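Peer 1: Use the sequences and the hints to build the structure in full.
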Amino acid sequence: MNRIIEREQLNESVVRIKVEAPRIAAKAKAGQFVILRANGRGERIPLTIAGASDGAIELIFQVVGGTTMRLSGLRVGEEIPDLVGPLGNPTPVEGLKRVAVVGGGVGCAIALPVARALAGQGAEVISIIGFRNRSLVILEEEFRAVSDKLYVTTDDGSHGEHGNVCLPLERLLAAGEKFDAVFTVGPLVMMKFVAAATRPYGVHTIASMNPIMIDGTGMCGCCRVTVDGEMRFACVDGPDFDAHSIDFDEAILRAGTYKEFENEARERHCNLYRKRERDD
Amino acid sequence: MKTARHAAAVRDPSERIGNFREVVAGYSEETAVAEANRCLRCKTKPCTAGCPVGVQIPAFIQEIANRNFEEAYRIIRATNALPAVCGRVCPQERQCEGNCVCGIKGEPVAIGALERFAADHHMAHAPTSAVEQTGRRVAVVGSGPAGLSCAGELAKRGYRVTVFEALHKAGGVLVYGIPAFRLPKEIVQREISELEAQGVQFVLNSVIGCTESVEELFEEGYEAVFLGTGAGLPKFMHIPGENARGVFSANEYLTRINLMKAYEENAETPVFRARKVLVVGGGNVAMDAARCARRLGAEVTVVYRRTEEELPARKEEIAHAKEEGVVFDFLLSPKEVLAENGDVCGLLCTRMQLGEPDPTGRRRPIPTDETVRLDADCIIPALGTSPNPLIARTTKGIAFKPHGEIVADEDGKTELDGVYAGGDAVTGAATVILAMGAGRTAARAIDAYLKNKE
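Which chain is which? The protein sequence lines are A and B, in order.
Take this note's numbering: the last position of the first sequence gets the number 280, and nothing is skipped along the way.
Take this note's numbering: the last position of the second sequence gets the number 454, and nothing is skipped along the way.
By construction, these hints were calculated from the structure, which means they are not laboratory data.
Here the structure is a predicted model, which is why all the values come from computation and not from measurement.
Glycine included, each C-beta is placed from N, C-alpha and C at the ideal position.
Fair warning: there could be bad hints in the mix.
[As the list claims (entries may be wrong)] These stretches of chain B come out as covered by chain A in the derived footprint (C-beta under 8 Å, 3 or more residues):
no., segment
1, 199-208
2, 266-273
3, 383-390
[What the hints assert, rightly or not] Result set (DSS-like, lysine-lysine): computed pairs, CA atoms no more than 30 Å apart in a straight line:
no., chain 1, residue 1, chain 2, residue 2
4, B, 169, A, 27
5, B, 169, B, 453
6, A, 27, A, 259
7, A, 27, B, 45
8, B, 169, A, 29
9, A, 192, A, 259
10, A, 259, B, 276
11, A, 192, B, 235
12, B, 45, B, 169
13, B, 401, A, 27
[Unchecked claim] Label pairs and their computed distance ranges (CB to CB):
no., chain 1, residue 1, chain 2, residue 2, range
14, A, 245, B, 343, 21 to 27 Å
15, A, 245, B, 375, 31 to 37 Å
16, A, 54, B, 417, 34 to 40 Å
17, B, 204, A, 77, 18 to 24 Å
Peer 2: Here it is as structure tokens:
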């Protein structure tokens, strides 16, 4: 169960794996996630399903802490001990005809299945994907395949347009382009700015939240997000929410709850990880 | 001649707050026999009447007195699927022991400790045996007390039972909620192994409602479904500042510690290492969170809006918490979480006073004008839980109450044919033993339903 059948390093810290999981693959819709543990005593982490076909799901993740480091160390043929899903609500794509999909960094892995679902229902998809620099660019060709128009930005200008994703987005909005919705996923700060960019135009904007979680079924409450002044749980009420109603500043603070621990965990696992890399 | 109740050995508080090992030791054979001999064997059996699963208490105590320990276990097990658990976590003072005739003038027989003794003795000595199967399949959703009890009863009646569990470990609240120092996880594992030996199959990492629906379970050939999905959705205080870093629901805090073992050296799951913790609430979950926080090295105060007399937690838990240095601050109701740069630094509370009794008979807390400020870097609301929301959102044909409780009759029958429910999912947060009673009742109803369907 949960056997890894493909593994690909997309950039220095982002990995794509394909995992045999027929039950999850049969149900997964764009925007839903799984929770997994990478070893028998590991932490439970949520990862959005980047794609599902032929009894397998794709997961794309950035190595940030102990679990993602371990996961990245698993080879083809090895199994993920615990994998549960699909959890969360699918991204509401129904009825949308013209959508801007705005992804940042590894968030593009979550934006891609949404763009794909939209393209699949015949919607016009304008994708904007942004990265810090050229070496971090991922999924560009995959986005091109499902987008009517694709804009790529890098913070340092080493690839595509110089700047962040808000530049092309604002330009399009200022030029009077109309969208049924803007879907955004990426770093919290980026989503906050995307929401700020679309607000004056009154464009319905959906942000996909990826807060700290344990169970993914509404039990722990650590994934709580304030939306329109109300407490919502990303796991069962989201992960997508109206971006104009999300308290991003609070979400940014909350995301840092275990920062120190994560850094320590990375240090701790690093040697193990490097050793494995050397062995390969 | 009357003899005094035999106390079980309790580990020294100063030693036990350094670890998560079990606090209360069990009886030795000699002590158990001596305690069993205190039972008056009244014909009216008020103790059994006080037991939600109707354990034949005088009968099993008699067997302990006769040193037939395995027979004592068999008698308990006939109506109670998880004796080792119940002996440890039931509020006996409000159930069996609360009704004990010995307790009228003296101290009640230590029924809980005797039940635990019989179960532990069985685990240590007896082999388990498999049961013959009928081949008919029943799905049990949730592996907490209700689900385990229902599965055990159905297996005993020869059904092929599959238990679906959302988490990576079976046991539900027995595993993620109740700490090891109160209920060692090996005990839960042994009870689960007993069920496996009876032919019950456990499917982990499976969220019914997401991974597959109730409808699909029927399509797969299950002839009946029991929903024991519990009440896991935590209630919050709904006051300003509640989302500051350092405010954790008791569920989150306990899950990190109990299920994920975040207290262990080199654990992969983080847990917030606080200096000063305030636990808000007065139930068993509040006591569990407070005692865990003590073990993680924090100073701990329980903040409760009524007085000690109204504390809903088991007496033993309150006593143990105090012994371990947990401080109680009564008649305070949280008003605002204070934070500095997003991190919790204190809690503003309204001073309360007790007014007239409310419908539950407890005196109602009434706010005064006084505001009290408590310092803390961590606040843990333990204010109860509501039923898990996923079944309600994904299952058509079942009725739910406004707070998400499944509507079921006294046999656990829901409005959907072949679907039964019990435990906290139906009642809202209650006790392990009530959930087990409901699981067992539903199992009998399922048995009758399936026999009728033949």
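Peer 1: If you check each hint against the structure, which ones fail?
Peer 2: Hints 5, 6, 7 and 12 are the ones this structure does not satisfy, whereas the remaining hints hold.
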